[in-house]
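Chains as they are written, first to last, in the numbering used here: chain Y, 5 to 96; chain A, 10 to 645.
Each hint should be verified, as a subset may be incorrect.
Derived EDC-like pairs (lysine to aspartate or glutamate); straight-line CA-CA distance at most 16 Å [as the list claims (entries may be wrong)]:
id, chain 1, residue 1, chain 2, residue 2
1, A, K283, A, D223
2, A, K283, A, E232
3, A, K276, A, E230
4, A, K291, A, E268
5, A, K380, Y, E48
6, A, K283, A, E268
7, A, K307, A, E284
8, A, K279, A, E236
9, A, K261, A, E247
10, A, K425, Y, E48
11, A, K390, Y, E48
12, A, K303, A, E268
13, A, K371, Y, E48
14, A, K425, Y, D88
15, A, K307, A, E365
Rather than coming from a laboratory, the hints here were simulated on the basis of the structure. Remember, it's a predicted structure, so these values are computed and weren't measured experimentally.
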Amino acid sequence: MHVNSTTEEKEIVTRQKSKLGVRLFFIYLICYAGFVALGVFNYELLSTTVFSGLNLAVVYGIGLIVFAVIMGIIYNYYCTKYEDEAEKGDAK
Amino acid sequence: MIYDISVTALVFFCIFVGLVLGLSFYFGRKKSDSSSYYAAGGQIHWAVNGIAFAGDYLSAASFLGICGMIAVAGFDGFLYAIGFLAGWIVALFLIAEPFKRLGKYTFTDALNAKFNSRAITLAASVSTLIISIFYLIPQMVGAGDLVMPLLGLPHWAGVILVGAIVIAIVASAGMASTTYVQFLKGGLLIVLSTILTIYILKNGLTLSPGGKDDPYHTFIELEPQVESAGIAAVDGWEVLSQQTVSNKTFVKLRQNGVERWFYLTEKDGKQSLKETLTIVQKANGEKLYNGETKDKRKFYQVGHLSKIIVNGKEVEKTGAVGPFEFLSTIKESDVVRFLQTKLTDGTDQVSIYYPEITAGSKFMLPGLKYKIGTDASLWSKLDFVSLMLALFLGTAALPHILIRYYTVKTPRDARKSTILAIAAIGGFYILTLFIGLGAGVNGVMDVESSNMAAPLLAKAFGAVLFSIISAVAFATVLGTVAGLIVASSGAIAHDFIDIYLKKNLNDNSKVKVGKIAAVVVGVFAILLGMAFKGINVSFLVGWAFAIAASANLPAILFLLFWKRTSSTGISASIVVGIVASLAIILTSPTMWDKYGLGAENAMHQMENPALISFPLAVLTVYVFSILYPKKEVKVG
Numbered sequence: 005m006h007v008n009s010t011t012e013e014k015e016i017v018t019r020q021k022s023k024l025g026v027r028l029f030f031i032y033l034i035c036y037a038g039f040v041a042l043g044v045f046n047y048e049l050l051s052t053t054v055f056s057g058l059n060l061a062v063v064y065g066i067g068l069i070v071f072a073v074i075m076g077i078i079y080n081y082y083c084t085k086y087e088d089e090a091e092k093g094d095a096k
Numbered sequence: 010m011i012y013d014i015s016v017t018a019l020v021f022f023c024i025f026v027g028l029v030l031g032l033s034f035y036f037g038r039k040k041s042d043s044s045s046y047y048a049a050g051g052q053i054h055w056a057v058n059g060i061a062f063a064g065d066y067l068s069a070a071s072f073l074g075i076c077g078m079i080a081v082a083g084f085d086g087f088l089y090a091i092g093f094l095a096g097w098i099v100a101l102f103l104i105a106e107p108f109k110r111l112g113k114y115t116f117t118d119a120l121n122a123k124f125n126s127r128a129i130t131l132a133a134s135v136s137t138l139i140i141s142i143f144y145l146i147p148q149m150v151g152a153g154d155l156v157m158p159l160l161g162l163p164h165w166a167g168v169i170l171v172g173a174i175v176i177a178i179v180a181s182a183g184m185a186s187t188t189y190v191q192f193l194k195g196g197l198l199i200v201l202s203t204i205l206t207i208y209i210l211k212n213g214l215t216l217s218p219g220g221k222d223d224p225y226h227t228f229i230e231l232e233p234q235v236e237s238a239g240i241a242a243v244d245g246w247e248v249l250s251q252q253t254v255s256n257k258t259f260v261k262l263r264q265n266g267v268e269r270w271f272y273l274t275e276k277d278g279k280q281s282l283k284e285t286l287t288i289v290q291k292a293n294g295e296k297l298y299n300g301e302t303k304d305k306r307k308f309y310q311v312g313h314l315s316k317i318i319v320n321g322k323e324v325e326k327t328g329a330v331g332p333f334e335f336l337s338t339i340k341e342s343d344v345v346r347f348l349q350t351k352l353t354d355g356t357d358q359v360s361i362y363y364p365e366i367t368a369g370s371k372f373m374l375p376g377l378k379y380k381i382g383t384d385a386s387l388w389s390k391l392d393f394v395s396l397m398l399a400l401f402l403g404t405a406a407l408p409h410i411l412i413r414y415y416t417v418k419t420p421r422d423a424r425k426s427t428i429l430a431i432a433a434i435g436g437f438y439i440l441t442l443f444i445g446l447g448a449g450v451n452g453v454m455d456v457e458s459s460n461m462a463a464p465l466l467a468k469a470f471g472a473v474l475f476s477i478i479s480a481v482a483f484a485t486v487l488g489t490v491a492g493l494i495v496a497s498s499g500a501i502a503h504d505f506i507d508i509y510l511k512k513n514l515n516d517n518s519k520v521k522v523g524k525i526a527a528v529v530v531g532v533f534a535i536l537l538g539m540a541f542k543g544i545n546v547s548f549l550v551g552w553a554f555a556i557a558a559s560a561n562l563p564a565i566l567f568l569l570f571w572k573r574t575s576s577t578g579i580s581a582s583i584v585v586g587i588v589a590s591l592a593i594i595l596t597s598p599t600m601w602d603k604y605g606l607g608a609e610n611a612m613h614q615m616e617n618p619a620l621i622s623f624p625l626a627v628l629t630v631y632v633f634s635i636l637y638p639k640k641e642v643k644v645g
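With these hints in hand, go ahead and build the complete structure from the sequences.
Structure below.
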């Protein structure tokens, strides 16, 4: 009982997207792990004022949130591009 | 705390709940088959689904819990926001599209798409049920907290109210209506938080918060005469007794027949007694607030700044500030937080909330709840890492988030929904930092429960704003609870009864069984909601994330990324994940406190289980897949 009429997608597109996803994931993972590691190993560094009177903890924290949104947009841009290219290839 | 019923609040509340119910009955009237009950027929627009995602995710934990924890523990509350959002990265980059391609409509079906194994069905439906219930607890606790000031009802009444309304929603409609409810509420929540943040910044920081007709209580400080045996005398007060609990000394004094507790502090060799808030539970069941009965209204809202520094100078108030200026000024100033301790005085059980001056520079750093500085113990550092791990890995494995991938048509739509959700949720979480800090310094905190920080802050800015925000927060709880109950009823009716027990239900009876299951889960959630009153809801949600991360995520990741994963590996890993995380949670200090055995006597000091249970589940899926290689069955 399938709910979704999932359109067939070329395997190459699927592979491209999943490769991109995994790469972006690891980039984010490193940034996130960096924050946690800083908290555990060099806690004092988080209290340094870095920007506009804000300490590193606040800047890093908000930065992680904003960075996630930016990475999402990049991911969507490339995925859509891959899909469109594959479709164009079909049309020719 | 002591609350009045507000008529404005009541009106808005009724409008909202009416709207939500109306919406779900409208969608419920349309003839529903099982696919529209569980997955809204896969026909929801991606933008609606994206905001609905946000609505689903911005549950009581986010709006009530994070703001509340920021208000009392500063930056540590914000850790939850960072982790909750980071979890979406896992969902988007690793899980969303492959999962959608598997083309099934419950978490169990997707896991089982390649295997058709009964063991997976059983394990996955049990894990869905357990995670959903752990996620339901904080929602119910939050609901109870909300109705206290909103409708003047006791906590348990709120819990029952939510339970009843949600059971009505779910039993009548299913996924389509919950999607629109979530969409409405997600959108409103973001708009209202923005308004609230603008109010906070416009208002700035002040030493004397509170409105004209509702001024902030001035906490008194007494100068005692001290002898070697302790406090000898205090001007105008009669000294009754003194007690020391974990290095803090509290003194009981009496004036005009009213007994009050004071907190003994020492600064520069001079001792002083600071006023505290107390709740005394008498042996005969009577409860006294600051030494008097509830109707005398002697119990106050708290949380203020004791010193504001702008550009190196001390000021009374700042006036309107920009967002960066707001954060940096708090960092330079001193925040007075009220911490709780308990003691026994004869036959009385006394809860004392005493003021503690915290430097803003500490308040804006992690460490007040999760101790991670150089002097911190290994346990508390591990606890911090464990929490961050659970938040990161939990989101993608929450069954009620996963089912939202099935409500849109194509993988492309699922992706776009997810990105819109990330943007909306990320924006909202940045706002929670301002709302939480605003609540912490504007004298609005209820010491009995941190969960009301955001709505009570709104109350300080006006009754209408408070009413709308509370109503939306209540709708938030309704929507999330409805989504969770759909997920758990799916696990019971579809996965367990239909597939595992091979009852081969027809479409009609499948929906019917689902609805009965929804009612049962709802009742169960109501009972748990009452049991966990008073605990911060974000903290409780952290547990649900930890269980999800341990039970579901290793299975999902291996299924998607490792070709040799076998069905035995998957089911074993789910079982190990659940058992390990549950075992750690049920023996944690917080639970020990709930059992009445005292947190300090707990079997270990780990509050968050993921650091142990997640690797254990990963190891299990790997080892069992090697030991019992797969026998793949072609399905479909």
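Hint check:
no.: 1; hint: A:K283 to A:D223; in the structure: violated (22 Å)
no.: 2; hint: A:K283 to A:E232; in the structure: holds (9 Å)
no.: 3; hint: A:K276 to A:E230; in the structure: holds (13 Å)
no.: 4; hint: A:K291 to A:E268; in the structure: holds (13 Å)
no.: 5; hint: A:K380 to Y:E48; in the structure: holds (13 Å)
no.: 6; hint: A:K283 to A:E268; in the structure: holds (14 Å)
no.: 7; hint: A:K307 to A:E284; in the structure: holds (12 Å)
no.: 8; hint: A:K279 to A:E236; in the structure: holds (13 Å)
no.: 9; hint: A:K261 to A:E247; in the structure: holds (9 Å)
no.: 10; hint: A:K425 to Y:E48; in the structure: violated (39 Å)
no.: 11; hint: A:K390 to Y:E48; in the structure: holds (14 Å)
no.: 12; hint: A:K303 to A:E268; in the structure: holds (14 Å)
no.: 13; hint: A:K371 to Y:E48; in the structure: holds (11 Å)
no.: 14; hint: A:K425 to Y:D88; in the structure: holds (15 Å)
no.: 15; hint: A:K307 to A:E365; in the structure: violated (20 Å)
Against the hints set out earlier in the document, violations occur for numbers 1, 10 and 15.
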